[in-house]
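Enquirer: Spelled out from the first residue to the last, the chains are:
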Amino acid sequence: MNDNYAVDGETRVEIYRRMALLKANDERSRKVIKTGRLMMPYYSYRGQECIPAALAVNLTDRDYLCTIYRGIHDMLAKGLPLKELWAEIAGRIDGSCKGKGGPMHLTSPDKGIMVTTGIVGSSMPIANGLALAAQLSGDGRVAVATFGDGASNIGAFHEALNMASVWKLPAIFLCQNNQYGEHTTYEKATSALRIADRAIAYNMPGVRVDGNDPLAVHAVTLEAIERARNGGGPTLIEAMTFRFHGHIYGDDDAYMDPARKKAAMEADPVPIYRASLIAGGFATEESLSRIETEIEAALDEAVEYALASPMPGEEELTTDVYAEGAAA
Amino acid sequence: MNDNYAVDGETRVEIYRRMALLKANDERSRKVIKTGRLMMPYYSYRGQECIPAALAVNLTDRDYLCTIYRGIHDMLAKGLPLKELWAEIAGRIDGSCKGKGGPMHLTSPDKGIMVTTGIVGSSMPIANGLALAAQLSGDGRVAVATFGDGASNIGAFHEALNMASVWKLPAIFLCQNNQYGEHTTYEKATSALRIADRAIAYNMPGVRVDGNDPLAVHAVTLEAIERARNGGGPTLIEAMTFRFHGHIYGDDDAYMDPARKKAAMEADPVPIYRASLIAGGFATEESLSRIETEIEAALDEAVEYALASPMPGEEELTTDVYAEGAAA
Amino acid sequence: MNDAIVDTAINTHRITILQAINAALADALADDERVFVLGEDVGDAEGGGIVGVTAGLSKRFGDDRVRSTPISEQAIIGASIGAAIAGWKPVAEIMLMNFVTVAMDMIVNHAAKLRYMSGGKTSVPMVIRTMTGAGASTGGQHADYLEGWFAHTAGLKVVAPSTPEDAYGLLRSAIDDPDPVIFIENLISYGNKGPAPVSGHRVPLGKARVAVEGKDITIIAYSAMADRALQAAKILSQAGISAEIIDLRTISPWDQETVFASVAKTGRALVVHEAVKPFGPGAEVAATLSSEFFGRLKAPVERIGAPFTPVPFAKSLEDAFIPSPARIANAAQKLVEQGKL
Amino acid sequence: MNDAIVDTAINTHRITILQAINAALADALADDERVFVLGEDVGDAEGGGIVGVTAGLSKRFGDDRVRSTPISEQAIIGASIGAAIAGWKPVAEIMLMNFVTVAMDMIVNHAAKLRYMSGGKTSVPMVIRTMTGAGASTGGQHADYLEGWFAHTAGLKVVAPSTPEDAYGLLRSAIDDPDPVIFIENLISYGNKGPAPVSGHRVPLGKARVAVEGKDITIIAYSAMADRALQAAKILSQAGISAEIIDLRTISPWDQETVFASVAKTGRALVVHEAVKPFGPGAEVAATLSSEFFGRLKAPVERIGAPFTPVPFAKSLEDAFIPSPARIANAAQKLVEQGKL
Ligand SMILES: Cc1ncc(C[n+]2csc(CCOP(=O)(O)OP(=O)(O)O)c2C)c(N)n1
Ligand SMILES: Cc1ncc(C[n+]2csc(CCOP(=O)(O)OP(=O)(O)O)c2C)c(N)n1
Ligand SMILES: [Mg+2]
Ligand SMILES: [Mg+2]
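Residue numbers (the working numbering), protein chains in the order written: chain X, 158 to 485; chain W, 158 to 485; chain E, 8 to 348; chain D, 8 to 348.
Since the hints were derived computationally from the structure, they do not count as laboratory data.
Among the clues, some could well be false.
As the list claims (entries may be wrong) - Label pairs and their calculated CB-CB ranges:
{"hint": "1", "chain 1": "D", "residue 1": "A37", "chain 2": "W", "residue 2": "M468", "range": "32 to 42 Å"}
{"hint": "2", "chain 1": "X", "residue 1": "R219", "chain 2": "W", "residue 2": "A480", "range": "52 to 62 Å"}
{"hint": "3", "chain 1": "D", "residue 1": "G69", "chain 2": "W", "residue 2": "A411", "range": "18 to 28 Å"}
{"hint": "4", "chain 1": "E", "residue 1": "A143", "chain 2": "D", "residue 2": "A268", "range": "38 to 48 Å"}
The structure presented is a predicted model; accordingly, all values stated were derived computationally and were not measured.
For every residue, glycine included, the Cβ atom is placed at its ideal position computed from N, Cα and C.
One chain only, chain X, in its complex shape (with noise of 0.2 Å):
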């Protein structure tokens, strides 16, 4: 691969696992969903998966993340278990949150992943306080905040990122620009040229990232990263990218120009990235089949456990909702 890039083979090729992971746990959720073995609401990240694989190798399992409705892929690429994943959107008690939860609000603080959001925006004033414990604790970790493009024109996307810049937070803003939210374009809800451009409302690094270039992502991130380990306070990274298969699992695509998708399709980032691993001498078709053949063996596990899994019994209706024995 002819970059400039000072990225280590080891680390090059762990990004595609993570990437080959998301793509074939996509799919394989649509898959599951489109049989019927399974019925839940779907945001499709598919299109999206390099933007996460390549933050998730600069992060530890102690760093936080607070991602949305549209973030398994975030959660898969920090670490999420399989089997927690599948058994929880069945809505079974072997999930991470027991089935209680569901796809929207996938967690697994054992991961780093505190808190999943179905709330447009709410990820950032959240992903504030684990920074802000991070930084009181002074234990070096940092959050990770992630969000669509549409997230960016509502106000918590501004208080927090105000508080974070004041209060130097070790919080990364992590903008996944798919130029849509829901059906509507980026053009007609967002007035910013760029995203990354209101960063300069916080005298905040804002920075505007190709999110098909997984080395690209990977130096804006580990700057970001780096910047908020050592006291330099919060990032707002804009990564462009596109989610292929609309908002939800069933939409239709007719607000979608198809000029758009299709140019987006075409330039889908992971056989893309597959090929110049292999160019570049990084990795053999090989080695880059042996991950892909054993990521499909781990989903066939992960969906039989899952499916296997018994449903929560009607005692769990009423529990988690206080701490247990705590008067309520």
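Fit chains W, E and D with the ligands to the supplied structure of chain X, relying on the hints for placement.
Expert: Same frame as chain X, but now just chains W, E and D with the ligands:
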């Protein structure tokens, strides 16, 4: 007056008349409260007179204003009758709102004074609606939202400016940056180097102006108003100013930097502008004194009128919750 | 999305609730130039709403009067308030009821209060349409019934239809109304069919509907629970119990006259809603009835609501969360039996 | 602002509610490193709070642990939630209760639900202090009692003290609590004095206090209305009526045991709050009591709340808005007389 502003003498004097009215009204308010003739939460605007005075001469009664608890200067400059004002802040039936709104909720639609809010930031989304009404009607009106520097950190600011920009609403967002939000300094709360910089986040013209310079404020607001009337969309204006008497009547100033306050009070825009008018030959000592005397007389009359007006009777408690005669 | 919804709406056939709402919006837009519609994705370029409630409207009435917005609920409600004060009649959509939480200031501190605080100088004739309801596996943040908050807010009216005819007629009345109205739609029952309303039909706000007459017990419900109460009535009739079902339609102000008349007849009352039971709207109805009919009731007034939990995702739990016809029938039967002792 | 509040707080003398809250915060900060305080103007550089509740704390515990924030209520609550999940114990101040309207999403969709939605994997041990109450001529947007919204939200607890001792003890318990607690302070009664709590004193959440024993009627109140109920009890005793006054202290979950025991004894109940009456918290108590004591009450359970209006500015109207001791006593007397027929 040695300046390059193409503002005629009459307008120059009219701006002064309004500034003098605001200053006198504030002084009278504090006096009436101090002597115990009136009880109310009072947010002195003393020091900020120049901004609404210079703005208002560019507006008509048909243009809309949304202002805030610290907004009596905005309203008086736009023509709120003194008697309506005083009866309202005294909680009397002859007040602009029958005494039911009070100083934080004065309303006078005949003068385009549509909303006064006590919630920080909430003037802006509502001003959008007024601007939208004007846009839909094509009636050439504009809507002005005034707010403080602290308010620029709340979500409503962000949502309102983004919407105004994408819809090209005839709105003017006028921030009176008095460098404090309650007891907190600008620097401690606000990340942007200048609030005007935040306009970039909305791809909107943003300008900072010396809020002590009436002709500069006149020029900047005029340009924004003309742009809005001509379909050019909204503008963010940051007028630098200072509140001389703290956040609310009765607060001690312990939290304020005495030097900063002293410097600001020495730059009191009212006497400085007054002197410049005389020096520039736009007015004489006598003509301005006459204006001031008239204002004092009007204030005398308004205060007595207000205090002679009856309190609302108990039947008022449950009226105006819903339209009369409507299901309730 | 179906562009044709508007055309098929008003006729003598049966239509869905979704079609009825679409028709009410279309007719209101046609009848009054001051009406306009705004919300996320409501325009046809955006598919006419995420479930198609506003389909076809922007094509017919233009993007100015049916406008898709940024994801900015405070700004949506703020724009509606301002326009309403200036003489327009906005119909804002907040996609799901849980999202009103980001706009409560605009709704409660402003829309609800501006008439009062201005001493009647301004008014806010606007409608906020929103949808909600458990049963679609959307989990904890997309299905809450929060009508109790709004019913507890002076200056607002709160409406929740359960049939196409009422949906049409109440929405038209809500748009006519000089004050702000919260109009609650149930996601699960959009497809429910019923007789099509006559074009221009109005259902007055504040008037309940006796959906089924009965003599043993009054069951008071609204929104999707009115349907479930009807199903419960069938179960009860098999047990020889005659239940009178009242669909409240307007939650605030609620129709005490109709409810009182029914309870005077039956001597028993059960209030049902999907909102969680504690401190829910049912408490107001139950407390009022218990006082009004003190010493004249055959059994205590009972309430059924969702358990005091967030909405769970797992199907097994979600099913248990929503009050079922069996649970309603059971509770009613117990009251009737208790009253017979 | 008075820096010395903290030092004078815990002793055997009488202190004000404001001092008690200040002392509870100071002691919690001293006892547990994970406790921190945040809110607009709470730091001493900003005067230690607009009425001085947090005075002296940042000087003693540092600006990190007592931090003034931008005017950004969503961000304040968000920061609290995140920190709480990560093991800290934030005590956030929302200056006035009406300002919670801009942070309802954070409170209701997140703080209240994260434990449940995560299947117990995360918890949100935080406190939101806020003040409210009519009587200071602040008008329509600064004095609402909105506790009913929070009591209707699963996952939250709601607390409202009326004495210095309870203020101290409840706040300590709220900070100890593993779940989010809304802690409501009354602006008008900050200066009320009472016996000083012992340092470290706890008042358990969910336990009411029998403020005065009586036998003819139970009056249930909280916050400033508990005081007014006590004044009403004096008026009533002059009329030969013995009222038992229960200060609920915790509104959700409310102490059914204590209230039931009292009503079992008196056979009559009156619920009083400053929140507007319709769909207010009193309805839950009244509906529950009416059902629980069906056939055993001497009179209907009645409720007193503010009228269904925004808070008015004019003194004449504001005075009429707040339930008065006379109104409470009158209503109680009527019930007692009715029950004697
Ligand atoms: C406050 C709020 N308003 C509306 C919604 C409904 N909604 C869910 S996803 C979405 C679009 C968000 O777009 P974007 O932020 O670009 O993220 P993307 O889905 O494209 O990843 C909307 C409007 C919501 N969940 N929360
Ligand atoms: C949402 C909300 N939060 C807090 C307050 C309390 N408050 C009233 S005025 C004020 C300061 C506002 O500062 P700024 O916007 O700079 O306006 P200024 O008072 O300086 O004119 C605050 C925090 C409020 N009214 N609304
Ligand atoms: Mg998007
Ligand atoms: Mg200010």
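Enquirer: Which hints from the list above does the structure break, by number from lowest to highest?
Expert: 1
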